[in-house]
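Novice: Letter by letter, the chains look like this.
4 protein chains.
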Amino acid sequence: MLAEIKGINEECGVFGIWGHDKAAELTYYGLHSMQHRGQEGAGIVVSDGKELTAHKGLGLVNDVFKKAKFEELAGRNAVGHVRYTTQGGKVIENVQPLLFRTQTGSMALAHNGNIMNAHQLRGELEDEGSILQTSSDTEVLAHLIRRGGQRTNETSISTALNQVVGAYAYLILKEDRMYAALDPAGIRPLSIGKLGDAYVVASETCAFDQIGATFEREVLPGELVTISDDGIEIRRFAPRGGRKLCAMEYVYLSRPDSDLNHVNVHASRKQMGVELAKEAPVDADMVIGVPDSSISAAIGYAEESGLPYEMGILKNRYVGRTFIQPSQELREQGVKMKLSPVRGIVEGKRIVMIDDSIVRGTTSKRIVKMLKQAGAKEVHVRIASPSIQHPCYYGIDMSTRKELIAANNSPEEICEIIGADSIAYLSERGLEQAIVKDKTINQGVCMACMTGRYPVMENGETEINYTKC
Amino acid sequence: MLAEIKGINEECGVFGIWGHDKAAELTYYGLHSMQHRGQEGAGIVVSDGKELTAHKGLGLVNDVFKKAKFEELAGRNAVGHVRYTTQGGKVIENVQPLLFRTQTGSMALAHNGNIMNAHQLRGELEDEGSILQTSSDTEVLAHLIRRGGQRTNETSISTALNQVVGAYAYLILKEDRMYAALDPAGIRPLSIGKLGDAYVVASETCAFDQIGATFEREVLPGELVTISDDGIEIRRFAPRGGRKLCAMEYVYLSRPDSDLNHVNVHASRKQMGVELAKEAPVDADMVIGVPDSSISAAIGYAEESGLPYEMGILKNRYVGRTFIQPSQELREQGVKMKLSPVRGIVEGKRIVMIDDSIVRGTTSKRIVKMLKQAGAKEVHVRIASPSIQHPCYYGIDMSTRKELIAANNSPEEICEIIGADSIAYLSERGLEQAIVKDKTINQGVCMACMTGRYPVMENGETEINYTKC
Amino acid sequence: MLAEIKGINEECGVFGIWGHDKAAELTYYGLHSMQHRGQEGAGIVVSDGKELTAHKGLGLVNDVFKKAKFEELAGRNAVGHVRYTTQGGKVIENVQPLLFRTQTGSMALAHNGNIMNAHQLRGELEDEGSILQTSSDTEVLAHLIRRGGQRTNETSISTALNQVVGAYAYLILKEDRMYAALDPAGIRPLSIGKLGDAYVVASETCAFDQIGATFEREVLPGELVTISDDGIEIRRFAPRGGRKLCAMEYVYLSRPDSDLNHVNVHASRKQMGVELAKEAPVDADMVIGVPDSSISAAIGYAEESGLPYEMGILKNRYVGRTFIQPSQELREQGVKMKLSPVRGIVEGKRIVMIDDSIVRGTTSKRIVKMLKQAGAKEVHVRIASPSIQHPCYYGIDMSTRKELIAANNSPEEICEIIGADSIAYLSERGLEQAIVKDKTINQGVCMACMTGRYPVMENGETEINYTKC
Amino acid sequence: MLAEIKGINEECGVFGIWGHDKAAELTYYGLHSMQHRGQEGAGIVVSDGKELTAHKGLGLVNDVFKKAKFEELAGRNAVGHVRYTTQGGKVIENVQPLLFRTQTGSMALAHNGNIMNAHQLRGELEDEGSILQTSSDTEVLAHLIRRGGQRTNETSISTALNQVVGAYAYLILKEDRMYAALDPAGIRPLSIGKLGDAYVVASETCAFDQIGATFEREVLPGELVTISDDGIEIRRFAPRGGRKLCAMEYVYLSRPDSDLNHVNVHASRKQMGVELAKEAPVDADMVIGVPDSSISAAIGYAEESGLPYEMGILKNRYVGRTFIQPSQELREQGVKMKLSPVRGIVEGKRIVMIDDSIVRGTTSKRIVKMLKQAGAKEVHVRIASPSIQHPCYYGIDMSTRKELIAANNSPEEICEIIGADSIAYLSERGLEQAIVKDKTINQGVCMACMTGRYPVMENGETEINYTKC
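Residue numbers (our numbering), protein chains in the order written: chain S, 2 to 470; chain A, 2 to 470; chain D, 2 to 470; chain L, 2 to 470.
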């Protein structure tokens with residue numbers, strides 16, 4: 002299973018709301034706040050109690066909805082999705098929520114995660130005569146739910162969920178109810194909030210703040226939540242087990258203002274910086290962070306170390322999709338892209354450069370070179386997480402093992418490759434301490450990409466100790 | 002003159018390059034780095050030695066040039082412009098550089114600043130039969146240069162410049178040379194750099210870093226610079242006087258990595274924070290800055306005060322032009338726009354909130370309210386510049402006097418209006434100390450909008466003491 | 002069955018080619034020549050022997066393919082489709098060819114016609130757990146072919162075709178072969194041509210002329226044609242019966258340069274005019290035709306009657322989709338839309354106005370009024386086909402019975418409603434004589450919309466006399 | 002002067018209306034009906050009595066105005082323009098009406114024609130210090146009107162008109178009046194109509210029919226018409242002379258339903274066919290016309306000759322701007338473009354093919370070949386106008402002399418080049434007889450491109466005999 006990385010990996014965001022007059026608009030704002038989770042496509046499906054209506058498109062949430070007529074997306078209930086795709090499937094058909102219509106009713110699906118046995122399930126379905134329209138894993142679940150022609154309800158959904166293996170947060174919308182489900186290891190984040198009488202479900206709590214909703218509770222591993230005009234009901238489709246929430250959500254993926262499983266992301270990042278300063282101090286003139294994701298850790302490092310925090314690297318806010326990348330020739334002549342060093346700050350200085358993680362190493366190499374060309378005397382690289390040496394099978398696209406610089410090089414080699422004066426990573430224990438604050442609330446994290454210990458296997462085996470339902 | 006603000010004010014950025022094979026592309030990158038100076042339109046005019054070719058459009062630099070064919074913008078010499086307009090003139094005709102063709106040769110003009118006697122000059126020209134095509138002040142200079150049918154050369158340009166009164170940085174491109182001119186008080190910034198053998202001129206030095214060029218010298222007040230394949234020549238069209246570089250360029254307008262008149266913008270802002278902490282300390286738990294322009298000052302304040310710097314307000318990076326503004330109803334229900342508070346950070350805390358300046362006060366009021374709703378116990382507002390009480394006539398659009406909150410209210414009243422627990426501004430002296438580091442190099446600043454002391458009057462009178470040429 | 006018209010009716014065009022290096026481009030030109038058959042959407046699916054690639058979109062063929070990269074549509078085999086939809090389904094999902102991918106191979110379907118028992122078949126499929134993605138009848142056939150998971154081959158296709166009832170011409174593309182099938186009554190047109198060694202299949206022969214191919218043979222009622230690199234094979238999936246080719250294809254729908262079932266459309270229309278002149282002569286000054294479809298009949302009428310043919314009505318060639326329709330107020334003031342009378346021609350004249358058919362009567366009324374306002378002394382309307390009094394169930398969208406003027410009014414009443422001086426229709430016998438030239442080649446036509454005699458019923462009953470296979 | 006053709010030639014259409022609530026919308030419809038006169042750009046300028054507002058764009062009238070907000074084009078008075086450009090100037094700046102704003106008032110200009118001394122006038126203006134913004138001749142007139150700073154009124158316009166030499170129809174709009182002017186030889190068409198109390202001016206009367214207006218009178222050669230709320234006044238700025246209306250307007254350019262100088266275009270074309278049948282009869286089976294402009298002449302030829310008129314060539318209505326032109330390879334394999342032969346009609350037949358004119362001969366050659374490949378036995382080409390051997394200096398773009406096939410080849414050579422069985426042209430006398438019906442109303446035509454006799458020379462000399470004013 003570990004031999005190679007699966008073709009299509011996704012990191013996405015889901016949002017759902019039940020029982021609000023402005024359901025579609027609020028879903029738009031909710032998705033907007035989670036734009037960082039997926040920039041390839043976005044969609045909203047609304048239910049007015051009688052039928053489902055969809056608006057989807059390729060591109061950013063703003064682009065997709067700038068011409069949307071929200072009055073045509075009428076209905077008090079909605080689910081939405083932002084999508085990230087790494088290859089191939091950048092086509093409108095794959096944009097979620099997927100909407101399935103039958104003569105007896107419709108169903109919309111939104112999914113964040115990765116189904117490890119999707120290929121096998123798809124083959125079984127096709128052997129039985131099913132025709133799948135997309136290359137998306139998500140469609141497999143819809144066919145599993147409808148297998149045998151049965152209705153879409155708690156039973157058929159639970160049966161279907163027990164056939165899929167992987168990491169997932171699902172939202173399912175029908176005319177008269179909405180379902181939310183989280184995988185048995187709780188690898189992906191999913192929270193429930195309230196806005197007045199309306200229920201809200203989202204991948205990140207920043208979506209609640211965005212619309213003025215308040216956090217209610219986490220969806221726990223193995224739970225199937227049913228929300229309708231009759232209220233909320235929570236069932237369990239898998240035995241209760243220890244949570245393994247993706248550590249990379251804290252390190253890099255989530256927004257600093259989100260709380261994941263009761264832990265604020267900015268605070269955890271700042272603490273990673275603090276731990277890093279304790280573990281790997283440097284005699285230097287200043288601390289700088291690679292914008293934007295490493296700023297929190299850099300501030301933490303600065304505070305703990307007593308060194309001044311400076312804005313030594315600037316991120317150009319206007320570098321977007323239409324930015325014309327400089328040719329190799331111009332890059333070599335010194336034309337900058339997204340990041341530029343601030344010569345007035347770094348010239349002649351010994352610098353601690355904080356980055357949240359290193360994947361291929363190419364960006365780190367470019368930044369170190371840039372800082373040196375701008376006159377930095379020394380550049381000490383400090384990484385606010387352990388080194389990434391293993392692929393992810395749970396929905397994060399992170400390059401193949403071959404491309405992971407830390408899978409093939411020692412820290413000393415990496416230091417030389419990127420041209421730094423020294424390098425150090427945060428320890429596994431340091432990362433865990435920065436995230437897990439309260440042992441009483443099941444705050445375990447998945448660090449498989451750093452440790453190689455995978456909590457869920459494709460054959461359904463797991464290292465999670467389940468208690469009985 | 003002070004009774005009302007002129008209709009069309011502009012804050013723009015200019016860029017020119019002479020003698021590089023990739024002139025148009027480098028101008029694109031140069032303009033891109035100055036995108037913050039003008040987002041309404043952009044343009045490039047190229048000279049291949051024989052004729053001028055233009056590409057212009059409304060919108061961001063990326064949008065304007067994403068379909069440009071740079072091979073059709075061939076030529077080793079170019080000028081470019083990014084434009085900001087406050088009213089009316091958001092039309093393609095006004096996008097610069099303006100290009101004027103005659104049977105004997107062409108001329109392109111790019112302009113940053115404001116001509117105070119433009120209306121009067123336009124009237125005189127029209128009485129003589131001239132037809133002006135745009136509502137832009139810049140066209141007036143072109144007609145002045147051609148008045149009497151004379152050629153475009155140092156003499157005709159100097160004569161024309163001596164007729165206009167105001168703040169300006171001009172770039173003029175002809176087939177065989179480029180001119181750069183700065184107003185006699187040097188209110189606007191303009192620097193000269195080199196990239197190999199090529200000469201570069203730009204409003205901000207961040208454009209030099211962007212393309213790998215190095216700073217050479219400032220264009221000094223009253224200078225007319227001529228660049229051609231024969232090299233560079235510097236003349237003076239007005240007597241030498243004390244410089245009055247716009248203080249708002251340091252406080253808010255320029256990019257932190259630019260050096261204006263030998264002073265780094267980030268460093269000056271951080272120093273404003275330091276001075277502010279000395280002048281107006283607070284007993285609080287943390288310092289936060291309003292993103293992005295106040296971050297440097299907040300870090301300075303934190304360092305000087307010993308309080309931790311925290312990321313208490315988050316700026317949504319995806320709020321762009323196509324963002325659908327929430328309705329009043331949704332805003333009142335709590336839907337956020339560009340900025341959101343980080344509840345996990347600010348809850349229960351006493352906060353020093355650093356902002357670079359206050360104009361109308363509405364943003365400050367919204368942020369203070371947002372922080373309080375997110376649980377902040379106290380919010381102490383500290384402004385890293387003196388209060389703005391007077392209009393600007395030199396090219397910065399800053400609202401009418403009626404709208405300036407500080408023109409009509411005492412600090413105490415402002416504190417109450419915006420709902421803060423306390424408020425304090427940096428003093429004039431503090432601001433000057435944060436900017437002017439080296440008295441030997443003519444680093445005077447214009448603080449007219451804060452002090453009401455205008456260095457240049459519409460009738461040509463001035464408070465600048467000129468020395469003889 | 003006749004009580005009301007089925008919701009979604011379609012008139013479309015299909016095109017297929019097997020074995021040509023420029024398969025996709027030739028399909029583009031073939032579709033382009035059949036643009037009149039469907040203007041809502043267009044698509045091409047190409048097979049390179051290993052996999053199928055699609056390019057589809059809403060709008061005209063030109064619009065859909067103007068940005069297509071034909072080099073990405075590589076492959077020597079292709080099917081294409083132009084689509085017309087009357088309601089609801091104007092969505093990209095319904096644009097054909099529909100493409101179905103499974104792990105064992107892909108299949109593309111293009112369809113012209115209407116399946117009368119689609120609703121019932123869809124219900125059966127869904128009860129068995131199938132999920133259909135579109136509201137298109139065409140998808141039903143795909144699921145029937147895959148029912149039970151069997152492979153897509155002659156047997157599974159024949160079995161599926163025997164379950165559908167209606168009028169249809171299907172093209173099915175797989176990696177290694179292409180199928181063409183025509184309904185047992187041959188209601189829709191479908192012809193086979195050759196271009197060098199390549200085989201071509203199209204709804205109309207004008208597509209052959211467009212690409213330089215030559216006509217080979219008709220696909221006969223009930224035939225299933227298989228084309229592969231091994232050549233062409235023709236099977237029969239239904240017993241041989243009398244052909245009932247849609248008469249409206251000759252009267253109005255097809256292009257004048259097409260030959261349908263060995264009869265040229267322009268020639269048949271001119272002959273309709275000749276027959277009409279014999280049956281319903283008028284004492285008048287000139288003959289005019291309503292552009293474009295009635296010009297041939299008008300010329301025939303003129304020749305037979307000896308009256309001059311004149312261009313009394315002009316069609317504005319630039320009235321397209323973006324034409325801004327005049328408001329009711331402006332129309333009443335005399336602002337014209339697509340057609341305008343030529344005052345200089347019709348003023349003071351007695352006119353025979355030839356139209357191919359009358360559906361609602363509103364257009365005829367407007368044209369007669371227009372001619373009279375332009376000074377025509379008399380307007381005698383002559384219709385080159387029998388009156389339409391019955392709905393079509395075979396794929397032609399023709400309004401409900403309630404809207405058909407001839408279903409509810411006598412010719413005298415119609416004459417009064419449209420304000421003509423006299424009216425006459427071509428007889429059924431006259432229409433048949435104009436089309437059926439050669440009794441030896443099974444040239445029977447369906448005139449159900451004129452006579453109410455339907456050759457195929459929804460329950461599968463038929464009035465066609467089949468001979469044994 | 003005859004040595005080479007002037008660079009920028011134009012054939013355009015102008016429209017003006019004074020005193021109607023829906024001025025902008027009616028101008029849209031008027032321009033739409035004259036779309037054939039110019040397809041590169043379109044524009045409307047409206048006056049509400051106080052100021053002028055413009056909406057202009059590149060492309061077809063529909064494209065330019067599909068997003069226009071007519072409520073923002075408020076005002077009871079408007080002028081519009083459709084533009085055709087042959088080279089270079091396909092830029093938004095050149096799209097008319099040109100709008101000139103000064104502090105004392107604005108002026109809009111729309112122009113159809115060509116100014117022969119534009120280059121010289123432009124040079125004089127620039128020597129005096131004027132800056133012209135466009136490469137359009139039209140701007141020259143604006144500067145001439147304002148020369149010396151005088152006001153825009155009858156006197157300044159007359160003075161300016163007397164400096165320009167060429168063929169022109171001008172519309173000038175000010176806040177409080179509209180002017181219309183026609184060149185002293187009346188080479189271009191211009192008519193006045195009425196719509197209720199409103200006055201309408203247009204290049205072709207089809208614009209009057211389009212909006213329901215009625216023809217009032219021609220603008221006569223050398224007239225300056227002033228229209229305001231006080232009514233209409235007609236002055237003369239040049240002596241009265243014989244009219245020389247462009248014959249090509251009848252032969253090819255104008256719409257068949259227009260009346261030019263009291264002669265219907267379709268009727269004149271049909272008569273050209275009649276004259277041609279008399280002059281050059283053929284023993285053949287049928288007459289066909291090249292769509293669309295030769296249909297009228299073909300019908301005339303058929304009627305006079307007694308041969309049947311057939312639809313032997315079909316024009317694809319969907320070949321527009323976005324049509325993908327077939328590659329040379331595909332064209333050689335037989336892929337058709339805009340025109341296709343109707344094999345069912347022409348196969349085995351002797352054909353008279355009527356065309357309105359021959360310029361380069363390449364189209365004729367392609368059509369003859371196409372007909373022969375479709376099986377035509379003989380193709381006899383008959384041209385419904387004399388051969389074009391001379392360039393046009395009056396605003397019609399017609400290729401350089403080098404490219405004119407008739408300038409360099411005898412009819413026999415042309416016949417061989419295009420592969421016809423015979424060829425014949427209409428005589429000059431035949432053309433004149435087909436157009437000039439009523440010798441009492443000054444119906445003289447310019448046939449300079451056929452005869453080489455130019456009615457107006459660049460130096461102002463003329464062959465027109467003027468009577469005294």
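If you are wondering where the hints come from, they were derived from the structure by calculation, not from laboratory data.
Warning: the hint list may mix true and false statements.
You can't tell identical chains apart in this list, so a pair holds if it fits in one copy or across any two.
Subject to a maximum C-alpha distance of 25 Å in a straight line, what follows is the list of computed SDA-like cross-link-like pairs (lysine to any residue) [unchecked claim]:
id: 1; residue 1: Lys195; residue 2: Leu331
id: 2; residue 1: Lys339; residue 2: Leu221
id: 3; residue 1: Lys70; residue 2: Val320
id: 4; residue 1: Lys366; residue 2: His391
Novice: Each hint: holds or not?
Specialist: Now the hints, each set against the structure:
1. Taking the shortest Cα distances, Lys195 and Leu331 sit within 25 Å of each other only across copies (15 Å), while inside one copy they are farther apart (52 Å).
2. Within a single copy, Lys339 and Leu221 get their C-alpha atoms no closer than 39 Å, and across copies no closer than 31 Å, so neither meets the 25 Å cut-off.
3. In this assembly of identical chains, Lys70 and Val320 lie within 25 Å of each other by CA distance solely across copies; the values are 19 Å between and 29 Å within a copy.
4. In this assembly of identical chains, the alpha carbons of Lys366 and His391 lie at most 25 Å apart only when taken from the same copy (21 Å versus 48 Å across copies).
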